[in-house]
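2 protein chains.
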Amino acid sequence: MPRQVVNLSEKLTKFSERWSPRVIAEMNDYQFKLAKIQGEFVWHDHPDTDETFFVVSGSMCIRFEDGEVRLGQGDLYVVPKGVRHQPYAEEECHILLIEPRGVVNTGDAGGELQAPNDVWV
Amino acid sequence: MPRQVVNLSEKLTKFSERWSPRVIAEMNDYQFKLAKIQGEFVWHDHPDTDETFFVVSGSMCIRFEDGEVRLGQGDLYVVPKGVRHQPYAEEECHILLIEPRGVVNTGDAGGELQAPNDVWV
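Just so you know, the sequences run in chain order A and B.
For the first sequence, counting from 1, position 33 maps to 57 in this note's numbering; every step adds exactly one.
For the second sequence, counting from 1, position 8 maps to 32 in this note's numbering; every step adds exactly one.
It is possible that part of the hints are untrue.
The list cannot tell twin chains apart, which means a pair is met if one copy fits it or any two copies do.
Mimicking DMTMM-like on lysine to aspartate or glutamate, the simulated pairs with C-alpha atoms at most 20 Å apart in a straight line are [claimed, not checked]:
| hint | residue 1 | residue 2 |
| --- | --- | --- |
| 1 | K38 | D99 |
| 2 | K38 | E50 |
| 3 | K105 | E116 |
| 4 | K105 | E41 |
| 5 | K38 | D132 |
| 6 | K105 | D53 |
No lab work stands behind these hints, which were simulated from the structure alone.
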């Protein structure tokens, strides 16, 4: 009976840094990562993979070159691979990201918001 | 800006059948599926893939040959590939399953609870 039950709310109490995803579980070669976000992230894309956003609490926006989507608590959205996007949250928002292990948060945009991978909480 | 925002609670109002997963989104070759469960499922395993359970509301149990885990709202658990397990819920529980497209809910156990794949809601 390997692996542990992970409670999202409990894990969210264990870090406060924004734009700094924390791994909470792995499924095959995919990772589940919690993140706290506020303000504007960098425009970027992930050329090789889709990326799933699930809002645990709060609300956020994902801007695209041709529009935007607004996500509230309990909303799930999959950003297709190769689509440039910019996450944005007016107030702090807590999200669950699901994507393959090794995906860099800023894609190939880099910059000061690029976070290290494989940081567990 | 392809694909739509999916709200889990809203999608859960659209079906009532138990043990009958409904696809709500796809990420690469993975699917997100909502299910309503109550009672005992069949013992089975998935020899080729991990399987993620996330409890949206209610509580459930996953029995293993050497123990069990109990999951409540906001809990996430990954059943490792090849591990025999039996989901169980005393009262109706609403869950989000995440696993590769094409995984059969009963593994190779079959039986009357085997559900068709790729039924979207």
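Which holds for K105 with E116 at a C-alpha limit of 20 Å: within a copy, between copies, both or neither? neither (26 Å within a copy, 36 Å between copies)
Using 20 Å as the alpha carbon limit, work out where K105 and E41 are close: within a copy, between copies, both or neither. Neither, since 26 Å and 33 Å both go past 20 Å.
As a check of your reading, is K38 near E50 (CA-CA no more than 20 Å) within one copy, between copies, both or neither? Cα proximity of K38 and E50: one copy only (19 Å, versus 30 Å across).
Alpha-carbon proximity between K38 and D132, which holds within one copy, between copies, both or neither at 20 Å: Classified as neither; 29 Å inside a copy, 40 Å across copies.
My question is about K105 and D53: at a cut-off of 20 Å on alpha-carbon distance, are they close within one copy, between copies, both, or neither? both (17 Å within a copy, 12 Å between copies)
Can you tell me if K38 and D99 fall within 20 Å by alpha carbon in one copy, between copies, both or neither? between (23 Å within a copy, 16 Å between copies)
The structure fails to meet hints 3, 4, 5 from the earlier list, while all remaining hints are met.
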